[in-house]
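> Chains as they are written, first to last, in numbering that gives the first Met the number 0: chain A, 0 to 89; chain B, 0 to 192.
These aren't lab readings, by the way, just hints derived from the structure by calculation.
We put the beta carbon where it would ideally sit given N, CA and C, even for glycine.
Incorrect hints may appear among the rest.
Stated by the list, open to error - Label-pair distances were calculated between CB atoms; the ranges are:
# : chain 1 : residue 1 : chain 2 : residue 2 : range
1 : A       : 49        : B       : 35        : 38 to 44 Å
2 : B       : 158       : A       : 63        : 22 to 28 Å
3 : B       : 145       : A       : 5         : 18 to 24 Å
4 : A       : 59        : B       : 61        : 31 to 37 Å
What the hints assert, rightly or not - To spell it out: a stretch of chain A is covered by chain B in this simulated footprint if at least three of its residues, at any positions, have a beta carbon under 8 Å from a beta carbon of chain B; those stretches are:
# : region
5 : 4-10
6 : 73-84
Here's the letter readout for the chains.
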Amino acid sequence: MKQRINLRKAAEAEAFGALAVGANRKHRGAGVVGRRFTPAQNRAVSDMARSLVKVAREAGAEHGRITIGNISFELQEIGSEEILSIRTGT
Amino acid sequence: MLTRKMQLPLAAGFVDRRSGARVRGLIQIAVEEHLLLWTSWRYRPRDEDRAWDWWSIFQECRLSEGRFECYAALADGDLQGLMVLDLRGKRTGTGKGIIVDYLATNPANRTAGQGLKCVGIGLIAVALMRSIEGGAAGRIWLESLPGAAGFYESLGFEKQPRRSAEGNMVYTLEPAAAEQLLAEIEAQGIVES
Chain A
0 MKQRINLRKA AEAEAFGALA VGANRKHRGA GVVGRRFTPA QNRAVSDMAR
50 SLVKVAREAG AEHGRITIGN ISFELQEIGS EEILSIRTGT
Chain B
0 MLTRKMQLPL AAGFVDRRSG ARVRGLIQIA VEEHLLLWTS WRYRPRDEDR
50 AWDWWSIFQE CRLSEGRFEC YAALADGDLQ GLMVLDLRGK RTGTGKGIIV
100 DYLATNPANR TAGQGLKCVG IGLIAVALMR SIEGGAAGRI WLESLPGAAG
150 FYESLGFEKQ PRRSAEGNMV YTLEPAAAEQ LLAEIEAQGI VES
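Excised from the complex, chain A in its bound form (with noise of 0.2 Å):
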């Protein structure tokens, strides 16, 4: 079916924000190599992301973006979920 167009509309509905996702997200999420983990380099994986999280906590990350080093860190609580950002180079 045809559309009519109506750009006023579709200006209010962008507020939806996230408007498009792509036919390759799939494989893009798994980064360019999507290399698989044995389960203990899984652990291992796990516990290093728990203890920077525990590190950057500890440091103030919380209340914004800190240095150690070269390498900057921000911790971010939403909801259940903490996302840490973590910078190199800075």
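With chain A held as given, fit chain B onto it using these hints.
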């Protein structure tokens, strides 16, 4: 058949939701500086794209040898939207169209009465121009997130009967509608060619 060359950066005219005033902006190929601005986007728990890692998406575009292009919409000294095009394309009803692979606006623009509007429309205009420039006559193929169906339908996209493999709605734009849409977007001053 439509033919034209897109000149980047492209001057854009977004609209302040609160005052209705025109806000001048630019749309251009994204660079690292724009991705740094992305780190200041603050998502809400309900935002469908809150897990999208634009750093990774951007890096993949750069490594894609021209297949993927990442565009940034800028205004008020901030990043207002990002879009990725896949130039390898996909068949629409009448020929091959380019794919709008990712499209998102700054979460600050997602609250009624706040931020800017017409950012997504401006980015779609760039997709149209790129499709025309690449010989696809304005054809576009994309998967819409559930909340965005009204956006695409208001732009004249046609919903396809079959969903994507991931269960998303598929929309296409064909040349006649593309030409009309681009003309209306330019007439409204959302982009200037």
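> For every hint, state whether the structure bears it out.
Evaluation of the provided hints:
Evaluation of the 38 to 44 Å hint for residue 49 of chain A and residue 35 of chain B yields a failure: the beta carbon distance comes to about 27 Å. Separation of residue 158 of chain B from residue 63 of chain A is about 44 Å and departs from the stated range, judged on CB atoms against 22 to 28 Å. About 20 Å separates the C-beta atoms of residue 145 of chain B and residue 5 of chain A, a value consistent with the hinted range of 18 to 24 Å. One distance hint, 31 to 37 Å for the beta-carbon pair residue 59 of chain A and residue 61 of chain B, holds here, with the actual separation near 34 Å.
Counting residues of the region 4-10 of chain A whose C-beta sits closer than 8 Å to any C-beta of chain B gives 6, which meets the bar of three, so the coverage hint holds. Residues of the region 73-84 of chain A lying with their CB closer than 8 Å to a CB of chain B number 3, which satisfies the three-residue condition for coverage.
In summary, the structure is inconsistent with hints 1, 2 from the numbered list given earlier, while agreeing with the others.
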